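Each chain, letter by letter, is given below.
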Amino acid sequence: MVVQALKDQGVEVVFGYPGGAVLPIYDEVFQQNDIRHILVRHEQGAIHAAEGYARSTGKPGVVLVTSGPGATNVVTGIVDALMDSIPIVVLSGQVPTFMIGSDAFQEGDTVGITRPCTKMNWLVKETDKLAETIHQAFHVATTGRPGPVLVDIPKDVQFATGTYVEKPKAKTDHYKPRVKGDIDAITRLVEMIETAEKPVFYTGGGVINSGPAASQLLRELAEATGFPVTSTLMGLGAYPASGKSWLGMLGMHGTYEANWVMHDCDLMINIGARFDDRITGRLNAFSPNSKKAHIDIDPSSINKVITVDVPIVGDVGHVLEDLLNIWKARGRKVNREALGRWWKQIEEWKSIDCLAYKPSSGSIRPQHAIARLEALTKGMDRYITTEVGQHQMWAAQYLGFEDPNRWMTSGGLGTMGYGLPASVGVQIAHPDALVINVAGEASWLMNMQEMGTAMQYRAPVKQFILNNERLGMVRQWQELLHGERYSSSWSEALPDFVKLADAFGCKGIRCDNEADLDDAIREMLAYDGPVIFDCLVEKHENCFPMIPSGNAHNEMILGDVDTQGVIGASGAVLV
Amino acid sequence: MSPLQIKKGSSKHSAYDLRDPNAEVIETHTLAVSVDNESGVLARVIGLFSARGYNIDSLTVAEVDHLGHRSRITVVTSGTPQVITQIKAQLERMVVVHEVHDLTVEGPSVQRELALFKVQGKGEHRIEALRLAEIFRANVVDSTLESFIFEMTGTPEKVDAFAVLMQPLGLTEVARTGVAALARGKK
Ligand SMILES: Cc1ncc(C[n+]2csc(CCOP(=O)(O)OP(=O)(O)O)c2C)c(N)n1
Ligand SMILES: [Mg+2]
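From first to last, the protein sequence lines stand for chains A and B.
Using my numbering, the final residue of the first sequence is 643, and nothing's skipped along the way.
Using my numbering, the final residue of the second sequence is 228, and nothing's skipped along the way.
Honestly, I wouldn't trust all of these hints.
Claimed, not checked - Think about it this way: if two alpha-carbon atoms lie no more than 25 Å apart in a straight line, the pair counts; the simulated DMTMM-like pairs of lysine to aspartate or glutamate are:
1) K401/A <-> E259/A
2) K197/A <-> D106/B
3) K129/B <-> D183/B
4) K163/B <-> D183/B
5) K237/A <-> D77/B
6) K239/A <-> E79/B
7) K360/A <-> D183/B
8) K360/A <-> D252/A
9) K372/A <-> E133/B
Simulated from the structure, these hints should not be mistaken for laboratory data.
None of these values were measured; they are calculated from a predicted model.
One chain only, chain B, in its complex shape (with noise of 0.2 Å):
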């Protein structure tokens, strides 16, 4: 692979998997995971992860099709690219599971979390608030003389800086959703 100067790890855009299965970087992979909505449907997707030590970054599941009686659970995980594999094969082979699909390696995405910051302050601390809240398109849901509530969605990139910057002025609470990511094109 050296002439192409293709890193290992780097098949995001590439036909081909360049992946060397042995290595041990550790990858995050963001996976759409279509299942029935039924009782216990969670916490069997769930309790594979914990039951066999594989990591959960993030999770959100809803009824996205009532008729259908489907659920989407989007789960953020990582791990080793053997790992990955293994948590793809042992979704798919779940009763409840329809389909898995590795949308970190399908092709471009499109994810985003929506997340509530609450920020408590007072004179200069307020205004610069409200200033970096409008360069990050964040809106104020909720006011009261001493805080703000803002209402921000983008990458869990932008949704940690945002949270790094509100640290010094006054940021008491966060609520995040996890990422939710759908493909990018018309399939």
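Next comes chain A alone, as it looks inside the complex (with noise of 0.2 Å):
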């Protein structure tokens, strides 16, 4: 019967691991071929490959696994995907009802566990209610802001007969998000639009949630407001990075144009985005002189965090569409005259070039492992997903996304051991295209097991490790916080990547200095199977530009001059 829904759900993959307790279903997902399971190496691996798929494809990501360590093995995914607004559905498997609460083998209280970071869950006791539930489930997941969902499923409700009914029939309840915006308000919007002289759109992963035609119609905006565009960490990709009016990534480690842009504009235009705290630095400081609209689907993300003088709740897909179909009938007015003055300024600002880096001096700069990496993939049918640390920032940077759902990170949650088993989700998804996970060696080390899973799929996946044998985020705070105490932030005893490819079975590539690397990115590129690039970069490179915690857009670092004392007592306490 799970089987059933999955395949009326139009599911065609599923990222698991059996255990005793969803024997039941494994056996019925071995007498059918519709449904494709992939078996990783680890539940954490699994959850994190959903993620990857759901992200790269707009389709929920759909994982099985066990009772007790199989479901306890999933939830920092869970969590991610909460963060990041991903719609996951987990299918667990749970002791029988009758042993439920008696301590019995590897129960654990699924549901208990994970109901704080899943947007719903049910544990099933019927069996007549399983295949609605699970209808329920992806409704849930895929409905109003996306996110992580679980259906914990008893053994003796897997063996027993029921009722199936069928996706049409289940009942979705009240759970009805409202998509359309309060017209009023996209109107004042509009309004502000036709005035604003300094104005901004602060784009978020709302938008690539909301579908391709929400970034086609950002785009339709940008181009004909001539507006600035700046997006946070999971939004890249829904304005391209080639456009004229982007500006980069705004935040902690955004460029000096987007985060003057935010600091000095009139009108800001957030859509999509929650005013993280990576993105506004000191709040008090934050945007002091603008206008503020924000339009989301959720209405608790509004007024969280920032108050805005015109709140939007509504997909911003609808949103946009009806935007602009106002602005173009009030007759398509825009400020022309300020905004010349304006993107004058913006010019100014990135004359400053804060993304340039010293030269080298034979050994590679991180960033300059990223630019090559970029101009040598350029135009190719490419999907990136990231681990977490410096190497995500500077992938970030340095990186071009032309369009949405080509990238993938972890953003809310910041989850070392996230990109590797992601890329496999993406290839998996898309096995034609060249996925490329850009790690940092410790963080590639925590699902390092997933290679297997690569390996066993086929999936090409390119594993490009910026290796600076360091906890180089961790390293950079200790610098510029901690009067360079560097605590436990040295990678040591680092495998051999090469042997351990080897192990594998896959291709291993080292390389350690800049007139090798362009070479071996190539042979990366060329190689018909997995690769493992141990690309050893420079260990004290540190990521810039930098907002400091406890900052302020305008108080941004850009170098290495000045680095000490930069985090005031106030902003140390921050993460």
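Could you fit the two chains together into a complex? Lean on the hints.
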């Protein structure tokens, strides 16, 4: 019945790992060919792979795990999906209903453990409710602000036969978040757009989640108004990096121009972003002179951290469509003259060239490695995942994304170990595409067992490891904040990544100087199969620009000069 | 607002929301939350409050519609206006929640709780306790030669006041249900 419900939902791939409490479902999976099961090496790998799959296709990712340890191993990924609004359906086995509460073998209170980190979860005690609950789970995961859900299924419920409820007959309850924005509010925003002198579009993951049409509408709106566009980490690709209104990413490691535009603007239009602390910096100094509008499908995101003048609850695509129509009907007005002045100012900020880095003296600068990766993969059918740390920020800064759903990274939770399994999930969804995980050596080790999965399913993922032999981002903070006392931020006793590749049966490449870099990258791209690329980079490079915690957008630091004591006492307690 | 002499935070009886959302005043609100009556709902709602650091001053829950499968949670909470707005938005977006009504701003409402008080004493104290109970319309629901249990319904303030009076007269235990509340009027 579970497999039937999944088929009805159009599921093609399930990422999972078997165990005693899910054997009946695995037996069903065995006896059919419509749904492909990807056997991972660790349940955390399953859920991150499902996240990668979901993020790169716009479809929900499905995970199947056993009770107890199987379920607890997916908790990190569930929180990750909740923070980044990724639609994930987890099916977990549970001990039989008559044993629940008896501390049975591999019993865990899975719905209790996952209650605060799922959008919704269910323990199904009656077989007659099973199919309907699974349909509801898909509905909840994919409607409104997407997120993870979990259905816990006791083993006796899996064995029993019950009545199957088809998808269209399943009650999807009252859960119908509103998608159309309030027309009066949208009209007010249009009026502000018509007169704004220093406007900016500040876009986020909501644009991507809303679907490709939303990105298209954003592009149309940006081109037609001529307003500058910046984006959060999660929103990269909604507006193309080659677009003429593009300012680069904003926030803690955002560009100089993007952060100054946010600080100085008079109209900030937040589209599907959530004023995260990595974006706002010090709240009382956040964009002090602007009127703010906020488009979000989740009413609880509005006025949570920043009070806005025009809140619009609705789906980005729907709202932008109405916004464009109203703006066009009223004569496509903008304040051209003021905009010209604004862009002149922006060009001045851009001329600082905040992403410039010092040329190398032989060894590879990590920024340069990413810049070369960008140059050599430009125009390819390319998907990027990342781990968490400096390399993640460099990837965001030096790679250009032209389309949505091409950039998979753990934003809200910052989960080391996300990138490798996510890359496998992406590759399963797009077998012929180029999928690269830009990794740090420390993060990569956290889920490296998933190379086995990549090998088994012939997923030719490219693991591009910027190996600085450091927990680089931690080391950077210790340099800036803790008097260069590098407590436990060394990556000691690293494996030989090339030999490791050998052991897995894939290709290993090592590169340690700039002269060989291009050829080495080409070799990686040309290889038909998974590659582990050990790119030995400068060990003490810092990631700039940076807005130190507790600082404002206009208090960014740009480079190695004067980095001592940049984080004040009040900023030091922040993360 | 000054010509009208309307104090900030006093929008209770006004058609307009005059409260300054940034004001740091702490307000107390009574929320009526209609939820699906299924297992784990209460844990879900309470979990939201603890996870996000919101206050619960009082909480009651019971099934109110068996056929419709609904329970009503009445929660009294306190926080700045911004926090109260967040609490409502966070509740509203939960899948199990059907409706959230802020009885404190949606017009006048009736609020009641039931309380039981055990008072031990002899002689003068016993007589005084009985006399005060009468004034407060509290009923004696259990009695020994040395103790009473009084039962009382009323607003939380009335219950508080009675508890304070009983303290010197031998109050040993109090059990309170928490607030149940309904908006006044037809709807
Ligand atoms: C699971 C987890 N544990 C700890 C952290 C804290 N953390 C953030 S970045 C980082 C260092 C990552 O090192 P590496 O993967 O080598 O990347 P680099 O910064 O060197 O590029 C750590 C430990 C985290 N984000 N996730
Ligand atoms: Mg590193």
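Just to be careful, I want the Cα atoms of K237/A and D77/B compared with a cutoff of 25 Å; is the pair within it?
Cα-Cα ~20 Å, so holds.
Within 25 Å, alpha carbon to alpha carbon, are K372/A and E133/B?
holds, 14 Å
Please work out if K360/A and D183/B have their alpha carbons no farther apart than 25 Å.
Distance of about 62 Å is beyond 25 Å: violated.
When you check the alpha-carbon spacing of K401/A and E259/A, does it fall within 25 Å?
holds, 9 Å
Can the restraint linking K129/B and D183/B be considered satisfied, given a maximum Cα separation of 25 Å?
The given pair, whose Cα atoms are some 41 Å apart, is violated under the 25 Å limit.
Between K163/B and D183/B, does the CA-CA distance stay at or below 25 Å?
With Cα atoms ~15 Å apart, K163/B and D183/B stay inside 25 Å; holds.
Can the restraint linking K239/A and E79/B be considered satisfied, given a maximum Cα separation of 25 Å?
OK: K239/A and E79/B at ~15 Å, within 25 Å.
Straight-line alpha-carbon gap K197/A to D106/B, limit 25 Å:
Distance ~21 Å between K197/A and D106/B Cα, so the pair holds.
Does the alpha-carbon distance linking K360/A and D252/A stay inside the 25 Å limit?
Roughly 16 Å between the alpha carbons, so the hint for K360/A and D252/A holds.
Consistency with the previously given hints fails for numbers 3 and 7, ordered from lowest to highest.
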